[in-house]
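A.B. asks: Here are the chains, one letter per residue:
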Amino acid sequence: MVPNQTELLADRAHNAVVSMDERGLVRYWNPGAESIFGISASDAIGRPLADLIIPESSRATLNDLLRRFARDDPGPVLDDRLEVAARHRDGSEFPVEMTISALRREGGWTFTAFIQDLSVRRESERQRERLVQELRRALHGSERLLDAIVGSLSDAVTIRSRDHRLLYANPSALAHLGLESLEQLRATSPTDIMAFYDVYGADGSEISMSQIPSVRLLKGEPAEPLLIQAIDRRTGVERWSLLKAAPVLDEAGELEATIMFTEDVSEQKRTERRMEFLAQASELLASSLDYEQTLRNVAQLAVPDVVDWCAVDLFDQDGDRVPVAVAHADPARLKLAEELRAYEPEQLDPEQGLGLVLRTGQPVLYPEITDEMLVAGAVDERHLELLRAVGFCSAAVVPMRIGSRTLGAMTLVTAESGRLLDSLDVELAELIAARAAVAIENARVYSERTMIAHTLQQSLLPQQLPQVPGYELASVYIPAVESTEVGGDFYDVWETGGSWMVTIGDVTGKGVEAAALTSLVRHTMRATAEFVTSPAELLARLDTMLKKQPRKSICTAVCMRLEQDRVTLAIGGHPPPIHISSDGARQVGGFGPLLGAFEGMEWRDAVLDLAPDSKLVIYTDGVTDALGTDGERYGLQRLQATLDRCRELSASEVIETLTGALRQFQVREHVDDTAVLVLRRLASDSHAQQPQEQEHRTQRLVA
Amino acid sequence: MVRPSKFEITQTAAGDGVTLSIEGELDMRTTGQLSERVAEQLDHGATDLTLDLRELAFMDSTGLRLLIDFHDRSREEGWRLKLISPRHEPAALVLRATGADKALPFVDGSEP
Numbered sequence: 080m081v082p083n084q085t086e087l088l089a090d091r092a093h094n095a096v097v098s099m100d101e102r103g104l105v106r107y108w109n110p111g112a113e114s115i116f117g118i119s120a121s122d123a124i125g126r127p128l129a130d131l132i133i134p135e136s137s138r139a140t141l142n143d144l145l146r147r148f149a150r151d152d153p154g155p156v157l158d159d160r161l162e163v164a165a166r167h168r169d170g171s172e173f174p175v176e177m178t179i180s181a182l183r184r185e186g187g188w189t190f191t192a193f194i195q196d197l198s199v200r201r202e203s204e205r206q207r208e209r210l211v212q213e214l215r216r217a218l219h220g221s222e223r224l225l226d227a228i229v230g231s232l233s234d235a236v237t238i239r240s241r242d243h244r245l246l247y248a249n250p251s252a253l254a255h256l257g258l259e260s261l262e263q264l265r266a267t268s269p270t271d272i273m274a275f276y277d278v279y280g281a282d283g284s285e286i287s288m289s290q291i292p293s294v295r296l297l298k299g300e301p302a303e304p305l306l307i308q309a310i311d312r313r314t315g316v317e318r319w320s321l322l323k324a325a326p327v328l329d330e331a332g333e334l335e336a337t338i339m340f341t342e343d344v345s346e347q348k349r350t351e352r353r354m355e356f357l358a359q360a361s362e363l364l365a366s367s368l369d370y371e372q373t374l375r376n377v378a379q380l381a382v383p384d385v386v387d388w389c390a391v392d393l394f395d396q397d398g399d400r401v402p403v404a405v406a407h408a409d410p411a412r413l414k415l416a417e418e419l420r421a422y423e424p425e426q427l428d429p430e431q432g433l434g435l436v437l438r439t440g441q442p443v444l445y446p447e448i449t450d451e452m453l454v455a456g457a458v459d460e461r462h463l464e465l466l467r468a469v470g471f472c473s474a475a476v477v478p479m480r481i482g483s484r485t486l487g488a489m490t491l492v493t494a495e496s497g498r499l500l501d502s503l504d505v506e507l508a509e510l511i512a513a514r515a516a517v518a519i520e521n522a523r524v525y526s527e528r529t530m531i532a533h534t535l536q537q538s539l540l541p542q543q544l545p546q547v548p549g550y551e552l553a554s555v556y557i558p559a560v561e562s563t564e565v566g567g568d569f570y571d572v573w574e575t576g577g578s579w580m581v582t583i584g585d586v587t588g589k590g591v592e593a594a595a596l597t598s599l600v601r602h603t604m605r606a607t608a609e610f611v612t613s614p615a616e617l618l619a620r621l622d623t624m625l626k627k628q629p630r631k632s633i634c635t636a637v638c639m640r641l642e643q644d645r646v647t648l649a650i651g652g653h654p655p656p657i658h659i660s661s662d663g664a665r666q667v668g669g670f671g672p673l674l675g676a677f678e679g680m681e682w683r684d685a686v687l688d689l690a691p692d693s694k695l696v697i698y699t700d701g702v703t704d705a706l707g708t709d710g711e712r713y714g715l716q717r718l719q720a721t722l723d724r725c726r727e728l729s730a731s732e733v734i735e736t737l738t739g740a741l742r743q744f745q746v747r748e749h750v751d752d753t754a755v756l757v758l759r760r761l762a763s764d765s766h767a768q769q770p771q772e773q774e775h776r777t778q779r780l781v782a
Numbered sequence: 069m070v071r072p073s074k075f076e077i078t079q080t081a082a083g084d085g086v087t088l089s090i091e092g093e094l095d096m097r098t099t100g101q102l103s104e105r106v107a108e109q110l111d112h113g114a115t116d117l118t119l120d121l122r123e124l125a126f127m128d129s130t131g132l133r134l135l136i137d138f139h140d141r142s143r144e145e146g147w148r149l150k151l152i153s154p155r156h157e158p159a160a161l162v163l164r165a166t167g168a169d170k171a172l173p174f175v176d177g178s179e180p
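Keeping their order, the protein sequence lines are chains U and P.
Residue numbers 80 to 782, in the numbering used here, belong to the letters of the first sequence in order.
Residue numbers 69 to 180, in the numbering used here, belong to the letters of the second sequence in order.
Treat each hint with caution, since some may be false.
What the hints assert, rightly or not - Simulated pairs of lysine to any residue, SDA-like, Cα-Cα distance not exceeding 20 Å: (1) P:K74 with U:A740; (2) U:K627 with P:R141; (3) P:K74 with U:Q745; (4) U:K631 with P:R143; (5) U:K626 with P:H139; (6) P:K150 with P:A107; (7) U:K348 with U:D282; (8) P:K150 with U:R712; (9) U:K631 with P:A171; (10) U:K626 with P:S142; (11) U:K626 with P:L134; (12) U:K626 with P:K170; (13) P:K150 with P:R105; (14) U:K627 with P:A171; (15) U:K631 with P:F75; (16) P:K170 with U:E678; (17) U:K631 with P:L149; (18) P:K150 with P:H139; (19) P:K170 with U:G679; (20) U:K626 with P:R133; (21) U:K298 with U:E262; (22) U:K627 with P:R105; (23) U:K631 with P:M96; (24) U:K626 with P:E144; (25) U:K626 with P:R141; (26) U:K631 with P:A160; (27) U:K323 with U:E430; (28) P:K74 with U:S661; (29) U:K631 with P:T99; (30) P:K74 with U:G714.
To be verified - Here are some chain U residues the structure puts well away from chain P; computed CB gaps all over 12 Å: (31) Y107; (32) R146; (33) R742.
Said to hold, decoys possible - From chain P, some residues computed to sit far from chain U (all C-beta separations above 12 Å): (34) T78; (35) A107; (36) T166.
Everything labelled a hint here was simulated from the structure, so no lab data went into it.
Bear in mind that the values here come from a model prediction, so they are computed numbers and not experimental data.
Think of the CB as a built atom: it goes at the ideal place given N, C-alpha and C, for glycine as much as any other residue.
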């Protein structure tokens, strides 16, 4: 069932596709570009595009354009079209049309230019002019004469008389109209012919008879060329045409008839759609880290304008297929894909389709899928029935590769549209697949890194708060939801030299690096506390240690030494603790400088007496920085008001009240890590009978 | 996603100096913009840069970290950095609470 791959990929492209980097250096050069410009890919790659194909006189235009685009960030499509003079290797100059799409990637911009040689089009315009002249003279002669002039023309040509009847149609026009002969043409009224089609303009509005250029000319109106999309009601075939009309005057100079050329521009239209698809897909792929959803969206973009079916599959470590997306414009048809999947063998066939792509890392194109191929591929009657129901026309499978690894493949299938895929489709699909592969790889590396950082950060928090005699302790750590990176909040409670130390802090910076620094800070504090009793002295030593780090390492911290009925505390650039007593909630301890940041700073110890049942709340700025619905921050005032209502509560109840209040206040999610630790002095007499459960939780505020 | 913070940077030049006036919230979502603007000025050869924080409404720890980095860089690279204190309490509080109000090169707002 598999035709020879090299045959399939034979060069049929007449359009150039080239990619260049931000400096305009060519990174990709397709066979179409080789033939249009007479320059081989190996000669082109690495050289400036402008130097290669643009005559010196207009080189600045392209370079300016690229610079401007790189600076202004205009989105994926730069300009509809750019018409410039181009130069062949032999020095001859010719006009080309360029459509450029831009993609911003790490390290700068990538531009992909799609280039069409306009000289062919220009030549046919000149030819058409000459034809009109000849047709004018021939109008009074025989049909044979008319046929001699335009009979072999691939453009459809029709002549309309002053009474609006169609006098003549060349063979190409007859074929387009689905008519057998000129007799049949003359016997059919123009209105009936028009009724064969649904006709739309470029903007999608319906086109009526009176807007057709040849009809307008007859009415004495000016007739600009008109771009139409005609769908043949009899066959469903869609065609884009450019209609151009010219008047035929008699000897007295009176309008006698009109000649209309119908140029089939379906291919150009299709090219435009393919370029749009490339630009939009590239943008989508660069926009999100949720690659599975993104791949589904990309598949959806391809239908029905580019292909009828688009599927994306990933390969797992064992080379098994993991389907990600199948798209078709008509959801009802998707059932076919589901049913077909049941016929797929456990193992991919290394000789065809996905299996072949996985094995070779090269794209495969099946330009025409014949019924014999379906028969040969079907395992039973029902399978064949399903395959036939899809109505395969052509198919292409392109790999999504990073280096030598094939992560997955994109499958493009045309069916009911009747379009045939060619090597240009394969090239464009390869460009998209390459970007998809980068997106997948980035997302995978990213989620792995995030997971490592999360795990590391969690491991730096005590698994369980220790029992501290005379105190009830409770804490909560809320990791940032949907975090792009992991923050560096930490807290710790430990015993040293007969007294208990409690700290909370925040290492600035994110990710694995922050986690490593957090670990260093915690161990330094624990080690220093062995021989330093003053929290202020401990912070000063920590500051010294941080300044010895090779990279600027900054952290905030509150450090406390607990005694039976009082606490000594020092603050380093951290929000001061809030003391909840019978008088209410208020900040205590004053301010102290950030650790590791500035020269010549000092820290001071503050001593606070703790009455039975009073509480100390220490927290990180994730609490006060939390964002509310109207863009307001939770802030110190709200925090104090909430804690003010907690006078009668236990430490764990304070945590519950505060997390509840935050949950209610916040928009949807936590953008930063948040940690809170509450300690409550137990009434001296309850001391003995309350070896209570120390509360410690890690939770997400938002599910 | 969280609603984007209000954030605006206005640039004025006087003599050899450039002033970037920052309005809104300097947090993890906006530090990138300020960082880019400052880099741009330095690329263009600015040697005397003032960051006017008077209209800064809020600043989180990433914002503070950025100011500290600017200060360090100005000393390493030999350009001048001046800061004008925020009028709004939430931003001013972060500077006071960390000692940054004394350690960073704040000048009198009336004569930047």
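A.B. asks: None of the hints should be skipped; say for each whether it holds.
C.D. replies: Hints, verified against the model:
For the proposed pair P:K74 and U:A740, the alpha carbon gap of about 25 Å is over 20 Å, so the pair is violated. Taken as a hint, the U:K627 and P:R141 pair is honoured in the structure, with Cα atoms around 18 Å apart against an allowance of 20 Å. Between P:K74 and U:Q745 the CA atoms are separated by roughly 18 Å; this keeps the pair inside 20 Å, and the hint holds. Annotation: proposed proximity of U:K631 to P:R143 holds, straight-line Cα distance about 14 Å (limit 20 Å).
Pair hint U:K626 plus P:H139 holds up; C-alpha atoms about 16 Å apart against a cutoff of 20 Å. Using a Cα cut-off of 20 Å, the hinted pair P:K150 and P:A107 holds, with the two alpha carbons roughly 15 Å apart. With a C-alpha separation of about 13 Å, the suggested pair U:K348 and U:D282 falls inside the 20 Å cut-off, and the hint holds. For the proposed pair P:K150 and U:R712, the alpha carbon gap of about 28 Å is over 20 Å, so the pair is violated.
Our distance criterion of 20 Å between C-alpha atoms is met by U:K631 and P:A171, whose separation comes to about 16 Å. Only pairs whose Cα atoms come within 20 Å are accepted, and U:K626 paired with P:S142 is accepted, the gap being roughly 18 Å. Proximity of U:K626 to P:L134 is assessed by CA-CA distance (about 17 Å); at most 20 Å being required, the pair is judged to hold. A distance of roughly 18 Å separates the Cα atoms of U:K626 and P:K170; the hinted pair therefore holds under the 20 Å criterion.
Between P:K150 and P:R105 the alpha-carbon distance is near 15 Å, which keeps this suggested pair within the 20 Å criterion. Simply put, U:K627 and P:A171 have alpha-carbon atoms about 19 Å apart, close enough for the 20 Å limit, and the pair holds. With a CA separation close to 27 Å, the supplied pair U:K631 and P:F75 exceeds the 20 Å bound. Of the supplied pair hints, the one linking P:K170 and U:E678 holds, its CA atoms being roughly 11 Å apart against a limit of 20 Å.
A distance of roughly 19 Å separates the Cα atoms of U:K631 and P:L149; the hinted pair therefore holds under the 20 Å criterion. With a CA separation close to 9 Å, the supplied pair P:K150 and P:H139 stays within the 20 Å bound. Using a Cα cut-off of 20 Å, the hinted pair P:K170 and U:G679 holds, with the two alpha carbons roughly 11 Å apart. The hinted pair formed by U:K626 and P:R133 meets the criterion: a straight-line CA distance of about 15 Å does not exceed 20 Å.
For a cut-off of 20 Å, the pair hint linking U:K298 to U:E262 is broken: about 26 Å separates their Cα positions. The straight-line distance between the Cα atoms of U:K627 and P:R105 is roughly 30 Å, outside the 20 Å bound, and the hint therefore fails. For the proposed pair U:K631 and P:M96, the alpha carbon gap of about 18 Å is at most 20 Å, so the pair holds. A hinted pair counts as satisfied when its Cα atoms are at most 20 Å apart, and U:K626 with P:E144 qualifies at roughly 16 Å.
Pair hint U:K626 plus P:R141 holds up; C-alpha atoms about 16 Å apart against a cutoff of 20 Å. In summary, the hint linking U:K631 to P:A160 is not supported, as the alpha carbons are separated by about 23 Å, beyond the 20 Å threshold. For a cut-off of 20 Å, the pair hint linking U:K323 to U:E430 is broken: about 50 Å separates their Cα positions. Restraint check for P:K74 and U:S661: the C-alpha separation of about 40 Å exceeds 20 Å, so the hint is violated.
Between the alpha carbons of U:K631 and P:T99 the distance comes to roughly 18 Å, so the proposed pair stays at or under 20 Å and holds. Restraint check for P:K74 and U:G714: satisfied, since their Cα atoms lie roughly 17 Å apart, inside the 20 Å limit. Listed as outside the interface, U:Y107 is consistent with that label: its C-beta sits roughly 30 Å from the nearest C-beta of chain P, beyond the 12 Å cut-off. Look at U:R146: its CB is around 16 Å from the nearest CB on chain P, clear of 12 Å, so calling it non-interface holds up.
No Cβ of chain P comes within 12 Å of the Cβ of U:R742; the nearest lies about 15 Å off, and the non-interface call holds. Annotated as non-interface, P:T78 keeps its C-beta farther than 12 Å from every C-beta of chain U; the closest such distance is 20 Å. Listed as outside the interface, P:A107 is consistent with that label: its C-beta sits roughly 15 Å from the nearest C-beta of chain U, beyond the 12 Å cut-off. Taking the minimum C-beta to C-beta distance to chain U, about 4 Å, the non-interface status of P:T166 is violated against the 12 Å cut.
Hints 1, 8, 15, 21, 22, 26, 27, 28 and 36 from the list above are not met by this structure, while the remaining hints are.
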